[in-house]
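**Student:** I would like the entire structure built from these sequences, with the hints used as guidance.
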Amino acid sequence: MQTEKINKNLVLKNAKIIDPFKSTEINGDIYIKEGKINSIGKATYPSSSKIIDCTDRIVTHGFCDIHVHFREPGEEYKEDLNSGSQAALAGGFTRVCTMPNTSPAIDSPELIRYIINRSNECPIYIHPIGAVTKSQKGKELTEMKAMLNEGAVAFSDDGVPIENSTVLRNALSYSSMFHGNIKIINHAEDLTLKNSSVMNEGITSTKLGLKGSPDITESNMVLRDLEIAKFTNSHIHVPHVSAGKSVKHINSVKKDYDKVTAEVTPHHLFFSDEDLQNYNTNLKVAPPIRTRDDRKILINALKDGTIDCIATDHAPHALEEKECGFNCASFGMIGLESCYGAVNKILFQENNLNTVSLIKLMTSNPRKIMGFENDLLSKGMDAELVILDPKEKWKFTEKNIYSKSKNSPFIGEDLLGKVKYTIVKGLINKI
Amino acid sequence: MQLKNKHLIGLEGYPKQDIDEIIETAFSFKEVLDRPIKKVPSLQGKTIVNLFFENSTRTRISFELAEKRLSADSINFSASSSSLNKGETFKDTVKNIESMKIDAAVIRHPFPGSALMLTNYIDSVVINAGDGTHEHPTQALLDIVSLKEKFGYIKNLKIGIIGDIAHSRVALSNIYGLKTLGAKVVLCGPSTLMPVRIEELGLTVNNNIDEVIEWADAINVLRIQRERMNNALIPSVREYRRLFGITQSRIEKHNSELVIMHPGPMNRWVEIDSNVADSDQAIILDQVLNGVATRMAILYLLLSGKTKKDS
Ligand SMILES: [Zn+2]
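Residue numbers (the working numbering), protein chains in the order written: chain A, 154 to 584; chain B, 8 to 318.
These are calculated hints, taken from the structure and not from any lab test.
Quick reminder that beta carbons are idealized off the backbone N, C-alpha and C, glycines included.
A few of these clues could be false.
What the hints assert, rightly or not - Quick partial rundown of chain A residues pointing at chain B, CB under 8 Å, derived from the structure:
#	residue
1	354
2	355
3	359
4	430
5	432
6	471
7	473
8	476
9	480
10	481
**Tutor:** Shown next as structure tokens:
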């Protein structure tokens, strides 16, 4: 990656400009004056401007990932906010929300402040999600208001489900007192049904001799979460939906209740449980990769809006934590660097989703969920953009990984569409 | 003849002609075991390490004896005596052992996939001696050798596998091997101990033990572990015996010709009545002897003719 400052005026020339917020698509130039959007379309600019030729390329909002694990503080050998930022830039992400399951968990206003301060030193925007309960123990609520004041954008005990329904009820109810449609994000897996399983339950788990858990492990808890949210009239966001049955519940609740949003990961769209055949521990994730049929339902749920956005659940682990055999390997995979190429291949090439809709899933939709500024292509905005080659075919390799950890099942996969530049915080990052 | 695969990881997709070859070779080694001097020089100079990451005295002794009968040098590694407890990784441990120049590794490990994983880390021949609840191919092959010895054929033989299929390391390998050779397989056991969608492997599940006894030519009775009661899988051993126990009265009533197998160790009076286990129709001790011959055959076929790698 080459990084340089936007020193002078910058022109993104001859681009296909997609504005996901306004749902427009035009061909033209973007003139960025002193780091801010100046004009779009037919732009006039000084001849001394730096020009990036964007012929056959898409220029759009920088991607936004509302679900990443950057492991700081506590497990910096896996990732830290700097290395995570590099991975994000490589994947076209200018803005991420970090999950609080660090060590210690981000469960106080002081720790939110720590992430915000560290974020200011990083080349992307990093928004902390605070823990719902102290030490993510599922018992006592955190000081949500003070954490919001310091910069928390949502609350989650991600990594662990909130099993106690009263705690979830109170968390939802409490969070609904505050402005900004604050979301509670609950990792939905009923641990009593999960029962120390390591993958989806089905013919593949039977053949591998591995313990599986059925789809209702997730969908039962999703249904509970949705009903409690509805009951308390508060906002809930369902992370990393993996099961077709969960989609059904989300869809039916969304029909008469609009405070529900949901995300899906690239890996749940790309893989199915049959891909675990060789015990590839990089495919060990929670919730698990499910069947081809589930995968199809997830893809359709993105198309019909039941699921609102893509989020990677970027979860770095050291080699040793993945090399010790399937049963003892840690759950999780990295996902930022491979996201666009994987999602574009599945949704655009294989499932005919149009480019504007696809871009929305990674830009305006996640920003809307978190209440971030969304009119990024209007005059005067700081440049927060990505330049994409939607047609480039490439094989994802370890060289494409900027994360400290290499736990990606996408290594060796053919992807379609590549991030060429990520422009954010006054820097042009050439990938 | 050489086998098609370098390793023996499992019987899923394992070639029929290789299974046939192992069976035939096992029979010729069984003759060796009947001689006064039960040793052949076939694997002289070969070094085999028995990597046991969990306890299994029977399997380990069977392999050790097979190795000694073939004149191979064998060493035993067990997890309790190892540095695994000191935080050394599986990979470090096995790479360390391989660097001492070995020709084959026999691995027993509680985790499914471990034998396959070992092939990624070392160049030696790998033989799976049981990877958790996945496969235990040498046990299945010795079961098949025992059936062939008893019946003279495997094709269309009707085999029942009885008991805790889900926690068994033996069931899958038996199913794959028997199916490849054309046998008919029926599984019988509590629904809570039956892996999901197992019918898709080309067999039938029937939880009526009387029907299965009546239908089968032979049954393979699996061990039921008492700790299964802890996870609400079965209510009691008494109830288990009532529903699935291989009792004298059931055998007498439904199929007095039935051949009885058990991979051991047995829980007498739980999954099998003591007098059934000790009866003439039980071939449980033949299985043990055939185990040595079958493992000799496997080691011989995988290792003979190959020279030790030079440094
Ligand atoms: Zn999660």
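**Student:** Now tell me, hint by hint, if it's right for this structure.
**Tutor:** Hints, verified against the model:
no. : hint : result
1   : 354  : holds (6 Å)
2   : 355  : holds (6 Å)
3   : 359  : holds (4 Å)
4   : 430  : violated (10 Å)
5   : 432  : holds (3 Å)
6   : 471  : violated (11 Å)
7   : 473  : holds (6 Å)
8   : 476  : holds (6 Å)
9   : 480  : holds (4 Å)
10  : 481  : holds (7 Å)
Figure legend: structure checked against the earlier numbered hints; hints not met, in rising order: 4 and 6.
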